[in-house]
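Asker: These protein sequence lines map, in sequence, to chains A and W.
Residue 1 is where the first sequence starts when you use my numbering, and the numbers rise one by one after that.
Residue 1 is where the second sequence starts when you use my numbering, and the numbers rise one by one after that.
Be careful, since some hints might not be right.
Where chain W lies over chain A, by a calculated footprint (3+ residues, C-beta under 8 Å) [what the hints assert, rightly or not]: (1) 21-27; (2) 35-49; (3) 57-63.
List time: in silico DSSO-like cross-link candidates among lysine-lysine, alpha-carbon distance up to 30 Å [what the hints assert, rightly or not]: (4) K86(A) - K71(A); (5) K7(W) - K67(A); (6) K7(W) - K41(W); (7) K71(A) - K30(A); (8) K7(W) - K86(A); (9) K30(A) - K86(A).
It is worth saying that the hints were derived from the structure and are not from the lab.
By construction, the Cβ of each residue, glycine as well, lies at the ideal position given by its N, Cα and C atoms.
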Amino acid sequence: MGLTSASNGATQIITVHSDRIDAAMAIQFKEDMRSETETSADRVVLDLSGVQFIDSSGLGAIVASMKQLGKDRQLDLAGPQPVVEKVFRLTRMDTVFRLFSTLDDALSAPDA
Amino acid sequence: MEPICNKTCLELSFHATDTEASAGIARLSSGLANHGLPPHKSDDVKIALAEAINNVVEHAYNGIAPANVQVTCRLDRDRLDILISDTGHPLPGFRMPDGTPAPLGETTQDLPEGGFGWFLIHQLTSDIRYERRDGCNRLSLRFNFGNAPNRA
Numbered sequence: 001m002g003l004t005s006a007s008n009g010a011t012q013i014i015t016v017h018s019d020r021i022d023a024a025m026a027i028q029f030k031e032d033m034r035s036e037t038e039t040s041a042d043r044v045v046l047d048l049s050g051v052q053f054i055d056s057s058g059l060g061a062i063v064a065s066m067k068q069l070g071k072d073r074q075l076d077l078a079g080p081q082p083v084v085e086k087v088f089r090l091t092r093m094d095t096v097f098r099l100f101s102t103l104d105d106a107l108s109a110p111d112a
Numbered sequence: 001m002e003p004i005c006n007k008t009c010l011e012l013s014f015h016a017t018d019t020e021a022s023a024g025i026a027r028l029s030s031g032l033a034n035h036g037l038p039p040h041k042s043d044d045v046k047i048a049l050a051e052a053i054n055n056v057v058e059h060a061y062n063g064i065a066p067a068n069v070q071v072t073c074r075l076d077r078d079r080l081d082i083l084i085s086d087t088g089h090p091l092p093g094f095r096m097p098d099g100t101p102a103p104l105g106e107t108t109q110d111l112p113e114g115g116f117g118w119f120l121i122h123q124l125t126s127d128i129r130y131e132r133r134d135g136c137n138r139l140s141l142r143f144n145f146g147n148a149p150n151r152a
């Protein structure tokens, strides 16, 4: 599981360098997200554009990552592939997270 | 009855651990694509297959030494049948869960981190059957292709 992090103003961008977020790596993902987000950024954008597959364990790990941030910080998602977007839509997690088609869209969102 | 030569079979057996399951699911997904699974069905199959196999790894072999998961895929012109079998614990009450999704709750802290597996399987398959026979769990998933061209 590889995550890298960059800053864009007050926004932290975390990029996932793995083609899957599944049951085999859900715990590691959650732990890596915890250490990557030990920052003061109010908003974290998770760039999922390289992720070709997610299962419900991976989805759970992203939900857990949002909970870890606490209520004053926000986790948004960028660049989901169709299969990733489908898992969010079917579970209605697309109503919980803000999903942006691209990282640029996420960074230029008016209330970002 | 269709002659057997019209069907493509794909079989894979692997140890029921997270890591082997992850690799097995990826191999099956790409194998099915290479054998002509219609692209419009491939995401549904990937998701449902992964959830079904994860259930075996996490629940059927919970607390006991994991044995193998055997997956047999039969790809036909208008549908895909997948049989997943294992020798782990039976499903509770020898029945499939009905697939009610976990409620999203009121606040972020209430959000569920699991409980979507059976819901996704029910949503994405055309038919599901579960059977416990001779100490084996046998879960059959069917995917009808629906709008596939149907020429006589």
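Asker: Would you mind confirming whether the straight-line C-alpha gap from K71(A) to K30(A) stays at or under 30 Å?
Answerer: Holds, at about 17 Å.
Asker: Examine the region 21-27 of chain A for residues whose CB is less than 8 Å from any CB of chain W, and state whether their number is three or more.
Answerer: Since three or more residues must qualify, the claim that chain W covers the region 21-27 of chain A holds, with 4 doing so at under 8 Å.
Asker: Can the restraint linking K30(A) and K86(A) be considered satisfied, given a maximum Cα separation of 30 Å?
Answerer: holds (21 Å)
Asker: Apply the coverage criterion to the region 35-49 of chain A and chain W: a residue qualifies when its Cβ sits closer than 8 Å to a Cβ of the chain, and three qualifying residues are needed.
Answerer: violated (count 0)
Asker: Holds or violated: are the alpha carbons of K7(W) and K67(A) at most 30 Å from each other?
Answerer: Violated. K7(W) to K67(A) sits at ~47 Å, over the 30 Å cutoff.
Asker: Confirm or reject the coverage of the region 57-63 of chain A by chain W under the rule of 3 or more residues with a beta carbon closer than 8 Å to the chain's beta carbons.
Answerer: Coverage by chain W holds for the region 57-63 of chain A (5 residues, Cβ < 8 Å).
Asker: Please work out if K7(W) and K86(A) have their alpha carbons no farther apart than 30 Å.
Answerer: This hinted pair holds, its Cα atoms lying about 29 Å apart.
Asker: With a cut-off of 30 Å on the C-alpha distance, tell me whether K7(W) and K41(W) pass.
Answerer: holds (17 Å)
Asker: Can you confirm whether the C-alpha distance between K86(A) and K71(A) stays at or below 30 Å?
Answerer: Given pair K86(A), K71(A) holds - Cα atoms ~26 Å apart, limit 30 Å.
Comparing the model with each numbered hint stated earlier shows that hints 2 and 5 do not hold.
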